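Peer 1: Read off the chains here:
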Amino acid sequence: MKQTAGDLPARPADTGFFGRLADDEKVLGRLMLAPAITYIVALIGFPLLLALFYSVSNVTVGTHGWPSFVGLANFRHAIGNPTFPRALWNTLVFALVSQFFVMILATILAISLQREFRGKWVVRLMILLPWVAPISLGSIGWLWMFDSVYSVINWTGRALGIFGKDTWPIWLGQPTLAMGSVITVHVWRLLPLATVILLGGLSGIPKDIHDAAQMDGAGVLRHHFQITVPLVRPIALVALLFGTVYAFTDMIVIYVLTRGGPYETTQVLSTLAFFTGIDGGDLGGGAAIALFLFPVLAACAVLILRFARQAEVT
Amino acid sequence: MATVTIRNLEKRFGDVRAVDGIDLSVEEREFLVLLGPSGCGKTTLLRMIAGLERQTRGDILIGGQVVNDLPPRARKIAMVFQSYALYPHMTVRDNIAFPLKAQGVEKASIPERVERAAAMFGIELFLNRKPRELSGGERQRVALARAVVREPTLFLLDEPLSNLDAKLRTLARDELKQFQRRIGTTTIYVTHDQIEAMGLGDRIVVMCGGKVRQVGSPQEVYDNPADTFVAGFLGSPPMNLLRGDDCTVGFRPERFLPLAVHESREELVPLWFRVNRVEDLGSDRLLYGTLHDTFPNERVIVNLPFTVHFPVVAGGVYEFAIKEKDIKFFDKATGRRTEPRRFWAKR
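Those protein sequence lines, which keep their order, are chains S and W.
Positions 1 to 314 (this note's numbering) are the ones given, in order, by the first sequence.
Positions 1 to 347 (this note's numbering) are the ones given, in order, by the second sequence.
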């Protein structure tokens, strides 16, 4: 039957304020976007501009009124500080070494988690836990495990006879061990994210492709390195870059475990910026140190977006 | 070239028997089509032959050799997938070369063999492109080139035409058949499309519920279906199946024609046909109606080709007829075809 306009139920005359609002796409769209924009402006945009402003001023925690412009003095001062090159080097070591291990372990985990086995969900849950737990709590847990007197690692090692009578590593007190320890905790913490991202990438490869590779006669290694790895690469790079940004910017692990010690051997730029700007009260100096990372992170962000788009295409 | 023999093959997924005791033999150079509705086990059967799926029970022999425990790469089989499964990160050239490299073919001979396979399918111009830059038809050719490049003894094709649009599909079907004739490689082809099966197969294996219902040449399967399932699955529109008191009677819609149109009157069974609706499809006319006085409650479809100039209007009753040999009888309980009988005389 043909329906005429007269058959349609008449639209209620009064839909109310919210009804009209919901019908107006333009207004509704803006309204929906508003919280996100407010968030970005208030918590990212404003602090970034503030940091830029601080880095070229002589502002301290004690400054009253308008600070004065000092040009690039804060940057010059930061570079002149003997701790700075050390922290820059540590930042690179911390970020690159931890990402190296994260990527290798995450690949192994993701590939194993693709297989079906009993108790798979328990393993998945355990791997995700470090990500779910608050970082500071997790780090405090590690702090106890690395304790110079009560370290559960040392006592276990001794009980099992792995550590001899004269072996008693001070995990957070010896320079090389301290760096190793903070990197270990950082790897522990970032592994879940990288694993989940890689797992997503792996399961995104159609099963037919794997079957075709098998039919074409590819052995395990060829299959892995010529089919699986290239196909998962764009997504793996996203995981890598995310991890790198985290490693460059996050200071909680180091702050809780070593506070940059011993002898600045685990001092990274983010902790140095914090100690200079907040603990030391030199807001301008802290901002200048923090901004040294900005170009690196901006480049990372651009790369992430590019790879993410590439992953969409293939 | 190889023969394939399948003995009592079974595949269970939990409690489900996807393939339920199949015996089959494929001859050398044969084009065998596995036909059936989705979920009938045809793809599982193909994947077991390929070695991508391990059978629960039974044997698979390729070229007389039991391959039950051989991995796919040791079976010398090439397979074309429904999705074509081209490697998206490789160029067409690398896609085609991949099986050669994987099998350790001498490096120097690879470019020439790739060119030859590409020429076979007219895709020489696309060799440096990535699969995503190709159309559906071109991708299908690349998949075929990748399959033939290493000269397999057996081809497995899993619905390779179903992602093409209708026009291209007819063309591709013809090309595929010609190509198989030319190289003469034994081929097993899976489809749910009965037209593809009829057009391509030397023999058709009709499957349902993990079992083989009938094996035979397209004509055999079409003209003498083994049971009501095969009768109903092949043909568009399918065979008319009319439930009688003691058996089911079947006949093809295009064999039931106006009495006046039949060339001779010998062995003709005349019946009154009441037309309820006429559908003019251009090349054919489909008539929906009932057999007025014999099966008043069963719907009958008649397919009149446009060459039959016989005026029909809805609501009319006409004298139609069918040759006695074109009437098939099926057991009412099992659905299996039974001996022809003098069914009409009784009425």
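Check each hint, because a few of them may be wrong.
Below, a list of computed lysine-lysine pairs in the DSS-like style, where the Cα atoms sit at most 27 Å apart [said to hold, decoys possible]:
(1) K76/W <-> K107/W
(2) K120/S <-> K332/W
(3) K177/W <-> K167/W
(4) K207/S <-> K76/W
(5) K101/W <-> K207/S
(6) K167/W <-> K107/W
(7) K76/W <-> K177/W
(8) K211/W <-> K167/W
(9) K76/W <-> K101/W
(10) K207/S <-> K332/W
(11) K207/S <-> K120/S
(12) K101/W <-> K211/W
Quick caveat, the hints were computed from the structure, so don't treat them as lab data.
Source: prediction; values computed, not measured.
Peer 1: For each hint, tell me whether it holds in the structure or not.
Peer 2: Here's how the hints hold up against the structure:
{"no.": "1", "hint": "K76/W <-> K107/W", "in the structure": "holds, 19 Å"}
{"no.": "2", "hint": "K120/S <-> K332/W", "in the structure": "violated, 51 Å"}
{"no.": "3", "hint": "K177/W <-> K167/W", "in the structure": "holds, 16 Å"}
{"no.": "4", "hint": "K207/S <-> K76/W", "in the structure": "holds, 21 Å"}
{"no.": "5", "hint": "K101/W <-> K207/S", "in the structure": "holds, 21 Å"}
{"no.": "6", "hint": "K167/W <-> K107/W", "in the structure": "violated, 39 Å"}
{"no.": "7", "hint": "K76/W <-> K177/W", "in the structure": "holds, 21 Å"}
{"no.": "8", "hint": "K211/W <-> K167/W", "in the structure": "violated, 32 Å"}
{"no.": "9", "hint": "K76/W <-> K101/W", "in the structure": "holds, 14 Å"}
{"no.": "10", "hint": "K207/S <-> K332/W", "in the structure": "violated, 43 Å"}
{"no.": "11", "hint": "K207/S <-> K120/S", "in the structure": "holds, 20 Å"}
{"no.": "12", "hint": "K101/W <-> K211/W", "in the structure": "violated, 38 Å"}
Figure legend: structure checked against the earlier numbered hints; hints not met, in rising order: 2, 6, 8, 10 and 12.
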